[in-house]
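Student: Each chain, letter by letter, is given below.
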Amino acid sequence: MTDTSHISRAPRTSSLLTEDARTKKRNAAEARFKIYGIVAIAIGLLFLLVLLTTIISRGTGAFQQTFVTLNVELQESRLDKSGARDIEQIKKVSTFGYNPLLADALSQSIVDNGFETEITKSKALRQLLSTGAIGQLRAYVIANPDQIGQTVEFNFMASSRVDGYLKGRVTRESLARDKNLSPAHLDLVDQMLAAGMIEKRFNADFILGADASSNRPEQAGMGVSMIGSLFMMLVVLLLSVPIGVATSIYLEEFAPKNKFTDLIEVNISNLAAVPSIVFGILGLAFFIQFSGGVLGIQSMKASAPLVGGLVLTLMTLPTIIISTRAALKAVPPSIRDAALGVGASKMQAVFHHVLPLAMPGILTGTIIGLAQALGETAPLLLIGMVGFIASNYPDSIMSGLTDPNSAMPAQIFEWAKRSDPAFYERAWGGIIILLVFLMTMNIIAIILRRRFERRW
Amino acid sequence: MDDLGFTETILTQDTKISARGVQVYYGDNHAIKDVDVDIEDKTVTAFIGPSGCGKSTFLRCLNRMNDTIDICRVEGDIHIDGEDIYDRAVDPVQLRAKVGMVFQKPNPFPKSIYDNVAYGPKIHGLAKNKAELDEIVEKALRRGAIWDEVKDRLDAPGTGLSGGQQQRLCIARAVATEPEVLLMDEPCSALDPIATAQVEELMDELRKNYSLVIVTHSMQQAARVSQKTAFFHLGNLVEFGETGQIFTNPQDPRTESYITGRIG
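Just so you know, the sequences run in chain order A and B. Be aware that the first sequence starts at 724, since it is given in the numbering used here, and climbs by one per residue. Be aware that the second sequence starts at 2, since it is given in the numbering used here, and climbs by one per residue.
Here chain A stands alone, though its shape is the one from the complex (with noise of 0.2 Å):
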């Protein structure tokens, strides 16, 4: 019965239930797509993993350094012959003047453990600190004159042989062509680590400090030129967000559309494309050799955060137009013609409901062109920027401004050229600190975005 009933109707062509060539080959084709898509990501994820590895392995040792315990006696003798605590008299006794105390506290501590060592030179001795111990231990005793003849315990800086044997850098094969430090110091070294004497721990100096000269790695941080990178943002974010912004709005809103402010348009993208050292020399000849030299202006010098900023300036306000750009095309423009429709004036829609809608878009934006700006080097090596900066933290924001200074991405390639392997170290951490603060960046513009983000 089922028989005659499925016969009698018309002969089916095709079957559902199987594929036929054209769909087999489309499905086919669609699989091996998603393959090349799965494959494009993983070997994205791979190389960031890769990235991620190298610079984390290479650059957490930066963040430790090796301390050395040691009670130094602060003779009379050496420091106030005259006994009185005369504080101009003791300020008198130079960094040079403190060395025999250091040579003499390590040859006591010596003793006093029991270490068996062939050294005996105590300039020898000293090099198991680092060169800045002295200064150390001058300010101390300048700023407690009172403690003169007593026994301090101190915490010096490890030379940085010393922190480089803890960290597996040195080791007694290398130290055959090295004269800063011998095998012998490292049989002494090894002694003073199983009494206690040294130990390595966290450094904030790394974090905070200033760069130091080529042969006191030990003693180098990226405090300074962070504020150096901070005042070229401050600059950038002052001049590029008003001006971006405001030439976004005009271009976007009130600007009529003829043949000149298209081509106002294509330069804007052309400058977006421009490789940053041309602003950089760009930077250099107008506001160095030209409004420093020619005109004049003081504040106008090369190594000077002000100009870093304003180089910056020119670089970010391409990205930050873009994109605040395409962030007011984004707003429907049924938004605008409410905002006309009862009433307003053009100003007011813009401002009173173009803008705030826009806004997610703008801050975006701009966090991302500041973060482009924070990580840039090239045009800074060009205005000076880079190199080792002798002054300290700047005491007022015009100093901060004006005072020669380097970036954290500049500092990184001043160490990363040096020949000591330590501050090779030291570069890897200062990408870590960089990273940090561009990730802090962009963590802001996701949080700014899922604030300021309404639905309409």
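Hint data in this document are derived by calculation from the structure and do not stem from the laboratory. Check the hints yourself; a few may be wrong.
[Unchecked claim] Derived list of chain A stretches under chain B, where covered just means 3 residues or more per stretch with a C-beta under 8 Å from a C-beta of chain B:
{"no.": "1", "segment": "953-960"}
{"no.": "2", "segment": "1046-1060"}
[Stated by the list, open to error] SDA-like, lysine to any residue: derived pairs with alpha carbons at most 20 Å apart:
{"no.": "3", "chain 1": "A", "residue 1": "K980", "chain 2": "B", "residue 2": "Y26"}
{"no.": "4", "chain 1": "B", "residue 1": "K99", "chain 2": "A", "residue 2": "S1068"}
{"no.": "5", "chain 1": "B", "residue 1": "K112", "chain 2": "A", "residue 2": "R1173"}
{"no.": "6", "chain 1": "B", "residue 1": "K99", "chain 2": "A", "residue 2": "P1055"}
{"no.": "7", "chain 1": "B", "residue 1": "K131", "chain 2": "B", "residue 2": "V151"}
{"no.": "8", "chain 1": "B", "residue 1": "K112", "chain 2": "B", "residue 2": "R154"}
{"no.": "9", "chain 1": "A", "residue 1": "K980", "chain 2": "B", "residue 2": "G28"}
{"no.": "10", "chain 1": "B", "residue 1": "K112", "chain 2": "B", "residue 2": "D153"}
{"no.": "11", "chain 1": "A", "residue 1": "K980", "chain 2": "B", "residue 2": "Y27"}
{"no.": "12", "chain 1": "A", "residue 1": "K1052", "chain 2": "A", "residue 2": "T1100"}
{"no.": "13", "chain 1": "B", "residue 1": "K112", "chain 2": "A", "residue 2": "S1068"}
{"no.": "14", "chain 1": "B", "residue 1": "K123", "chain 2": "A", "residue 2": "P1079"}
{"no.": "15", "chain 1": "A", "residue 1": "K1069", "chain 2": "B", "residue 2": "T69"}
{"no.": "16", "chain 1": "A", "residue 1": "K902", "chain 2": "A", "residue 2": "R1141"}
{"no.": "17", "chain 1": "A", "residue 1": "K980", "chain 2": "B", "residue 2": "D71"}
{"no.": "18", "chain 1": "B", "residue 1": "K123", "chain 2": "A", "residue 2": "H1075"}
{"no.": "19", "chain 1": "B", "residue 1": "K112", "chain 2": "A", "residue 2": "D1060"}
{"no.": "20", "chain 1": "A", "residue 1": "K1069", "chain 2": "B", "residue 2": "V94"}
{"no.": "21", "chain 1": "A", "residue 1": "K1052", "chain 2": "B", "residue 2": "D71"}
{"no.": "22", "chain 1": "B", "residue 1": "K112", "chain 2": "A", "residue 2": "R1059"}
{"no.": "23", "chain 1": "A", "residue 1": "K1140", "chain 2": "A", "residue 2": "T1100"}
{"no.": "24", "chain 1": "A", "residue 1": "K982", "chain 2": "B", "residue 2": "A224"}
{"no.": "25", "chain 1": "A", "residue 1": "K1052", "chain 2": "B", "residue 2": "K106"}
{"no.": "26", "chain 1": "A", "residue 1": "K1052", "chain 2": "A", "residue 2": "R1172"}
{"no.": "27", "chain 1": "B", "residue 1": "K112", "chain 2": "A", "residue 2": "R1141"}
In this text, a Cβ means the ideal position worked out from N, Cα and C, and glycines have one as well.
Following the hints, complete the assembly by docking chain B onto the known chain A.
Tutor: Using the frame of chain A, we list chain B on its own:
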């Protein structure tokens, strides 16, 4: 001066808007061709016609919304209460306070219901203090026939309302600035039949105070709500007259073809 003012008021009792020889160009495209029309006060005038016939364009001329389109050019005379609205001295912002507009798609601001309605009165300085503003908002929402639905949640976002409620909110927003003319550009095309009925009922109510001009695709709607109907075709005003006459006894063959569904 008094005499002049007197004659003007006589004139405006019948005709609110008078358009003569209106031409609109979008670049090279001649969108409105020589339209003459008189729109009466306290009536609903419907513009009907097929898509692209220029009825919305003409409507947007009445409050100079076309000014916002760069390539749009308007020629001819449009007078409201005897004043040329395309006169150099006229600020379109002031005009739009007098000629309110409701759009095809409900477009409340992404703000609270209260702020949506209060925005117009605020920027025009209609309220001296918060109490007065509250009063204006309530009055506008009542006129928009939405007060009872939203009076307990004036702080809720206007975009959270249903489509019909949003459109009535937009009508309330438009009437809050005390306009004399209300333009509605296909106000019900995005609404369901129930919301449409509510808005149509509202139009009939609003007719007591305002001159209403609506653009609609629905001939049934035009027949239900309007007293006067204008039929546009390819940028021409083909026929204008009493709604009943247009739908029962059209003079022009094109009108007849359109209302019987042969062109459109």
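Student: Decide, hint by hint, whether the structure agrees.
Tutor: So, going through the hints one by one against the coordinates:
1. 953-960: violated (count 0)
2. 1046-1060: holds (count 5)
3. A:K980 with B:Y26: 17 Å, holds
4. B:K99 with A:S1068: Cα-Cα ~14 Å, so holds.
5. B:K112 with A:R1173: 17 Å, holds
6. B:K99 with A:P1055: 25 Å, violated
7. B:K131 with B:V151: Since the Cα atoms of K131 (chain B) and V151 (chain B) sit roughly 19 Å apart, the hinted pair holds (cutoff 20 Å).
8. B:K112 with B:R154: Measuring from Cα to Cα gives roughly 13 Å; hence the hint holds.
9. A:K980 with B:G28: With a Cα-Cα distance of about 13 Å, the restraint between K980 (chain A) and G28 (chain B) holds, given a limit of 20 Å.
10. B:K112 with B:D153: With a Cα-Cα distance of about 16 Å, the restraint between K112 (chain B) and D153 (chain B) holds, given a limit of 20 Å.
11. A:K980 with B:Y27: Holds, because 15 Å separates the two Cα atoms, which is no more than 20 Å.
12. A:K1052 with A:T1100: At roughly 32 Å apart (the allowed maximum being 20 Å), T1100 (chain A) and K1052 (chain A) break the hint.
13. B:K112 with A:S1068: 19 Å, holds
14. B:K123 with A:P1079: Distance of about 18 Å is within 20 Å: holds.
15. A:K1069 with B:T69: Holds, because 9 Å separates the two Cα atoms, which is no more than 20 Å.
16. A:K902 with A:R1141: With Cα atoms ~18 Å apart, K902 (chain A) and R1141 (chain A) stay inside 20 Å; holds.
17. A:K980 with B:D71: Measuring from Cα to Cα gives roughly 8 Å; hence the hint holds.
18. B:K123 with A:H1075: Between K123 (chain B) and H1075 (chain A) the Cα gap is close to 12 Å, so the pair holds against 20 Å.
19. B:K112 with A:D1060: Distance of about 16 Å is within 20 Å: holds.
20. A:K1069 with B:V94: 9 Å, holds
21. A:K1052 with B:D71: 16 Å, holds
22. B:K112 with A:R1059: Answer holds: K112 (chain B) to R1059 (chain A) is near 14 Å, not above 20 Å.
23. A:K1140 with A:T1100: Satisfied, since the Cα-Cα distance of roughly 14 Å is no more than 20 Å.
24. A:K982 with B:A224: Roughly 48 Å between the alpha carbons, so the hint for K982 (chain A) and A224 (chain B) is violated.
25. A:K1052 with B:K106: 19 Å, holds
26. A:K1052 with A:R1172: The given pair, whose Cα atoms are some 17 Å apart, holds under the 20 Å limit.
27. B:K112 with A:R1141: 58 Å, violated
Figure legend: structure checked against the earlier numbered hints; hints not met, in rising order: 1, 6, 12, 24 and 27.
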